[in-house]
Amino acid sequence: MTHHLQRRHALRSCAAALLVAAATGCGISATGPVQAGAPASGIPQPGTENSSVRIYFSSPYGPRAVTRPTDRALDPQQALDLLLKGPTPAERERGLATQVPSMGGRLTATTTTGTVDVSIPLQVAADDLDVTAVSQIVCTAAHAQVPGDRPATQVHIRIHENNIRTENPWTVRCGPNGTATPVK
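For the sequence shown, the residue numbers in mature numbering (1 follows the signal peptide of the UniProt record, and there is no 0) are -36 to -1, 1 to 148.
Please keep in mind that the hints were generated in silico from the structure rather than gathered at the bench. Just so you know, these numbers come straight off a predicted model, no measurement behind them. Beta carbons: idealized from backbone N, C-alpha and C, even for Gly. Any given hint might turn out to be false.
FRET-style restraints, in silico, Cβ to Cβ [stated by the list, open to error]: (1) THR130 x ALA54: 24 to 34 angstroms; (2) PRO53 x TRP134: 16 to 26 angstroms; (3) PRO33 x ASN132: 32 to 42 angstroms; (4) MET67 x ARG32: 19 to 29 angstroms; (5) ARG70 x ASP91: 34 to 44 angstroms; (6) ASP113 x ASN141: 16 to 26 angstroms; (7) ILE128 x THR52: 28 to 38 angstroms; (8) GLU131 x TYR25: 35 to 45 angstroms; (9) PRO33 x THR130: 29 to 39 angstroms; (10) GLU131 x ASN14: 39 to 49 angstroms; (11) ASN126 x GLN42: 17 to 27 angstroms.
Construct the complete structure from the given sequences, taking the supplied hints into account.
Below, the structure is given as structure tokens:
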């Protein structure tokens, strides 16, 4: 009978030790605060509109879209104005940059249904503007508020070089990967 009591006592001791080990493993770690990005914005109040704009920058891995909150939907000109200001410090820390050179406010965008006419003071064909910069402009304009409610990949962007409106501008779209593609 003593052997039975010893075994019972050993099982209780083992169970108690497991309980203590499990309880100490469930504590809160002693780490400090962890950076986790911007604070939550919460649920919008009834009657308010929660808008954003998508701006395209370059990264070591290709084009990258950045979504910025806005108080209302922005048209292509407003979106391009933000693009020309470049990435924010936080966006630069993430490796984002712009290949669009300063244009002195001479980059203009006007819209019609499903189309954005972009006039630039440079000549793309003469390599004044590289393909990454063209993609940034095209995709930023296409993802803004364009009349006609087309998907951004179906919006026609007509590029007018040297700020000269022509009858036959070259027409491109923003491809699904964030690059400008010719319209056939």
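Do the hints match the structure? See the list:
1. THR130 x ALA54: 24 to 34 angstroms: violated, 39 angstroms
2. PRO53 x TRP134: 16 to 26 angstroms: violated, 35 angstroms
3. PRO33 x ASN132: 32 to 42 angstroms: holds, 38 angstroms
4. MET67 x ARG32: 19 to 29 angstroms: Given range 19 to 29 angstroms: holds, Cβ gap about 20 angstroms.
5. ARG70 x ASP91: 34 to 44 angstroms: violated, 18 angstroms
6. ASP113 x ASN141: 16 to 26 angstroms: At roughly 23 angstroms between Cβ atoms, ASN141 and ASP113 fall inside 16 to 26 angstroms, so the hint holds.
7. ILE128 x THR52: 28 to 38 angstroms: Taking Cβ atoms as reference, ILE128 and THR52 lie about 33 angstroms apart, which means the hint holds.
8. GLU131 x TYR25: 35 to 45 angstroms: Given range 35 to 45 angstroms: holds, Cβ gap about 38 angstroms.
9. PRO33 x THR130: 29 to 39 angstroms: holds, 37 angstroms
10. GLU131 x ASN14: 39 to 49 angstroms: holds, 41 angstroms
11. ASN126 x GLN42: 17 to 27 angstroms: holds, 23 angstroms
In terms of the numbered hints stated before, the structure departs from hints 1, 2, 5, listed from lowest to highest.
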